[in-house]
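Note that the sequence shown covers residues 0 to 72 in numbering that gives the first Met the number 0.
These are calculated hints, taken from the structure and not from any lab test.
The C-beta atom is built at its ideal place from N, Cα and C for all residues, glycine as well.
Be aware that a few hints might be false.
[Unchecked claim] Simulated DEER-style distance windows between Cβ atoms:
(1) I55 / I19: 31 to 39 Å
(2) V61 / L7: 26 to 34 Å
(3) Q41 / L21: 32 to 40 Å
(4) Y58 / K34: 18 to 26 Å
(5) I19 / T39: 39 to 47 Å
(6) V40 / V15: 39 to 47 Å
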Amino acid sequence: MTKKQTKLIIRIALLVGTVISLFFVPWILVRAWIKPLPDTVQEQLNEAISYGIDGIIVYVDVAGKPPGFYAAG
């Protein structure tokens, strides 16, 4: 094999590997990551339930404010 053929085979193998790896991407999480965040924590929790999560409990502690619990599901 010549150097040119070897280079072509490697390029094709890398392209095929890239295309196959797209099959294993968790597209639901990518969609959730790209969308803009809702205005409140509670809205975001309610939206997360639509992605198939059974339930969520969130504890938020911000300096100077009382801590808060949020739940959905």
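Results for each hint:
no. : hint                  : result
1   : I55 / I19: 31 to 39 Å : holds (33 Å)
2   : V61 / L7: 26 to 34 Å  : violated (57 Å)
3   : Q41 / L21: 32 to 40 Å : holds (34 Å)
4   : Y58 / K34: 18 to 26 Å : holds (24 Å)
5   : I19 / T39: 39 to 47 Å : holds (40 Å)
6   : V40 / V15: 39 to 47 Å : holds (43 Å)
Going down the numbered hints, you'll see the structure goes against just number 2.
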